Amino acid sequence: MTEFLMSFWQTYNTLFYTVLVHGMLALSIYITLACGQLSLGNAAFMGIGAYTAALFTLKLNAPFGLSLLAGGMLPAFVALIIGVPTLRLSGVYLAMATLGFGEVVRVVFLNMSITGGSVGLNGVPPKTELWHLLLVMGVLIYFFLKLKNSRFGRALEAIREDEVAAAVMGIKTTSFKVWAFVIGAFIAGVAGGLNAHFTFFLSPREYGFDFAVDILTFAILGGTGTFWGPLVGSTILTILPEMLRFLGSYRLALNGLILVLVVVYLPNGIITVKKKD
Amino acid sequence: MMLLELKDVYVNYNHIQALKGISLNVAEGEIVALIGANGAGKSTTLNAISGLLKTTGGNIIYEGSNITGHSPQSIVRSGIIQVPEGRAILTTLKVRENLEMGAFTRKNDRIKDNLDAVFARFPVLQKKAELSAGNLSGGEQQMLALGRALMAKPRLLLMDEPSMGLSPILVREIFQIITEINKQGTSILLVEQNAQMALEVSRRGYVLETGHIVLEDTSANLLHNEKVIHAYLGG
Numbered sequence: 112m113t114e115f116l117m118s119f120w121q122t123y124n125t126l127f128y129t130v131l132v133h134g135m136l137a138l139s140i141y142i143t144l145a146c147g148q149l150s151l152g153n154a155a156f157m158g159i160g161a162y163t164a165a166l167f168t169l170k171l172n173a174p175f176g177l178s179l180l181a182g183g184m185l186p187a188f189v190a191l192i193i194g195v196p197t198l199r200l201s202g203v204y205l206a207m208a209t210l211g212f213g214e215v216v217r218v219v220f221l222n223m224s225i226t227g228g229s230v231g232l233n234g235v236p237p238k239t240e241l242w243h244l245l246l247v248m249g250v251l252i253y254f255f256l257k258l259k260n261s262r263f264g265r266a267l268e269a270i271r272e273d274e275v276a277a278a279v280m281g282i283k284t285t286s287f288k289v290w291a292f293v294i295g296a297f298i299a300g301v302a303g304g305l306n307a308h309f310t311f312f313l314s315p316r317e318y319g320f321d322f323a324v325d326i327l328t329f330a331i332l333g334g335t336g337t338f339w340g341p342l343v344g345s346t347i348l349t350i351l352p353e354m355l356r357f358l359g360s361y362r363l364a365l366n367g368l369i370l371v372l373v374v375v376y377l378p379n380g381i382i383t384v385k386k387k388d
Numbered sequence: 012m013m014l015l016e017l018k019d020v021y022v023n024y025n026h027i028q029a030l031k032g033i034s035l036n037v038a039e040g041e042i043v044a045l046i047g048a049n050g051a052g053k054s055t056t057l058n059a060i061s062g063l064l065k066t067t068g069g070n071i072i073y074e075g076s077n078i079t080g081h082s083p084q085s086i087v088r089s090g091i092i093q094v095p096e097g098r099a100i101l102t103t104l105k106v107r108e109n110l111e112m113g114a115f116t117r118k119n120d121r122i123k124d125n126l127d128a129v130f131a132r133f134p135v136l137q138k139k140a141e142l143s144a145g146n147l148s149g150g151e152q153q154m155l156a157l158g159r160a161l162m163a164k165p166r167l168l169l170m171d172e173p174s175m176g177l178s179p180i181l182v183r184e185i186f187q188i189i190t191e192i193n194k195q196g197t198s199i200l201l202v203e204q205n206a207q208m209a210l211e212v213s214r215r216g217y218v219l220e221t222g223h224i225v226l227e228d229t230s231a232n233l234l235h236n237e238k239v240i241h242a243y244l245g246g
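Here the protein sequences come in this chain order: A and B.
Following the working numbering, the numbering of the first sequence begins with 112 at its first residue and continues without gaps.
Following the working numbering, the numbering of the second sequence begins with 12 at its first residue and continues without gaps.
Accuracy of the hints is not assured; some may be wrong.
[Claimed, not checked] With a straight-line cut-off of 30 Å between C-alpha atoms, the simulated DSS-like cross-links for lysine-lysine are:
{"#": "1", "chain 1": "B", "residue 1": "Lys139", "chain 2": "A", "residue 2": "Lys283"}
{"#": "2", "chain 1": "A", "residue 1": "Lys259", "chain 2": "B", "residue 2": "Lys105"}
{"#": "3", "chain 1": "B", "residue 1": "Lys18", "chain 2": "A", "residue 2": "Lys259"}
{"#": "4", "chain 1": "A", "residue 1": "Lys283", "chain 2": "B", "residue 2": "Lys238"}
{"#": "5", "chain 1": "B", "residue 1": "Lys65", "chain 2": "A", "residue 2": "Lys257"}
{"#": "6", "chain 1": "A", "residue 1": "Lys238", "chain 2": "B", "residue 2": "Lys65"}
{"#": "7", "chain 1": "B", "residue 1": "Lys18", "chain 2": "A", "residue 2": "Lys283"}
{"#": "8", "chain 1": "A", "residue 1": "Lys283", "chain 2": "B", "residue 2": "Lys118"}
{"#": "9", "chain 1": "A", "residue 1": "Lys257", "chain 2": "B", "residue 2": "Lys18"}
{"#": "10", "chain 1": "B", "residue 1": "Lys123", "chain 2": "A", "residue 2": "Lys259"}
{"#": "11", "chain 1": "A", "residue 1": "Lys259", "chain 2": "B", "residue 2": "Lys139"}
{"#": "12", "chain 1": "A", "residue 1": "Lys283", "chain 2": "B", "residue 2": "Lys123"}
Hints in this document: simulated from the structure, not taken from any laboratory.
Please read all numbers here as calculations on a predicted model, not as lab measurements.
Can you build the whole structure from these sequences, using the hints too?
Given below as structure tokens:
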């Protein structure tokens, strides 16, 4: 039995790690969705975080914690620069700006020598251990549990529901939206840093538009009424392709079919919030 | 001294002039009605006062100081609270949570007392305090919006179409409440399409047409004004 568990873990530990990283990314987009804003830049933030953390480790021999912190801080700072002008406006401006931003980041990674260009970065030392991921996820779950009934969380909910109403309650709508976006970028960056230290290898292709859409799909599939939704969505969408491996080349088709069915029959996502009554 | 004064205020939406130099004032303790047809600029006026829209000319003076261009938050803090059109309640939050959000800019010390006072005025909100605000009827939602505004301790309430979508009985009830709130010392600028009700409860009124103030008088006079009767009172 233990032998079976050991071999199971050896086969699937990377998958489990990936489930946790994808969960963090799902939470990183959830916090902007929680105030009604769509960020398509979280894959790019993850990439910035991954490269920053990996370079801190490779070039500066920095301690792992510092690399991760740097991996979170740089995307957060970039988000601040993008967020302040775009989030003054209500509407789809953040989605448009981050969409363009993602492409810029990909091209920069492709062309800078320090990021290894199109070859990417090889030989990032494997420093991420299971407990690191569990700790970060634990902190995030605690944060999101506390968020719901906090002043900050209520303000985000008010902004999502009705921005004018929020403003006439005296909520500084722009600064709350910017904060949510910056926190999301920080989470995505840390997730990227953790990811980089167990995949050994970074390539600009991993952080492009496709992955930005995947992250959004995590949230939409799971439901955006509560933070559990994106976590469930990311878990299912990460494990499903593995479970469907026996289908060979048809597995992506079934993956897509399941998505379509969920969207048709559970338009609010798998985790649907009950009205409080 | 006037509590609020608008002096020759202009607001543009891109290239369209929505307000073309309007001047009006509200004295301490007054209910002032601003009536006019759809698209005349009534809500625009309130949103300009609340700081939600940028003015392109003129000044807004509150308690003697110029608040033109101030942020919506600082205007809320100074005591000008808007009850937006269509109630704008937060349907995913509970009734009590909606009310607490009204006190967002205030320190926590007296919020509980304030909540009790609002519940005393609107017993139905207390009864449904723990329900989702989305479950309230139209009249209850209007009361919630009004209650939420009271949580901010307003000196001046800006009310945008409180009668919208309500039955005549409920409209009477809401206007009764507005009068009571005013008697307890809150000044009110009331925007309405229901000109009859608005002029009955107010002391003075302004008539807004396509961005201009075309008439101003006491409400009693406006109720008997030929033009007003013809255009707004269905006479």
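Hint by hint, here is what the structure shows:
1. Lys139(B) / Lys283(A): holds (29 Å)
2. Lys259(A) / Lys105(B): holds (13 Å)
3. Lys18(B) / Lys259(A): violated (43 Å)
4. Lys283(A) / Lys238(B): violated (43 Å)
5. Lys65(B) / Lys257(A): This hinted pair is violated, its Cα atoms lying about 36 Å apart.
6. Lys238(A) / Lys65(B): violated (53 Å)
7. Lys18(B) / Lys283(A): Holds, because 27 Å separates the two Cα atoms, which is no more than 30 Å.
8. Lys283(A) / Lys118(B): holds (16 Å)
9. Lys257(A) / Lys18(B): violated (47 Å)
10. Lys123(B) / Lys259(A): Answer holds: lysine 123(B) to lysine 259(A) is near 20 Å, not above 30 Å.
11. Lys259(A) / Lys139(B): holds (21 Å)
12. Lys283(A) / Lys123(B): Given pair lysine 283(A), lysine 123(B) holds - Cα atoms ~23 Å apart, limit 30 Å.
In summary, the structure is inconsistent with hints 3, 4, 5, 6, 9 from the numbered list given earlier, while agreeing with the others.
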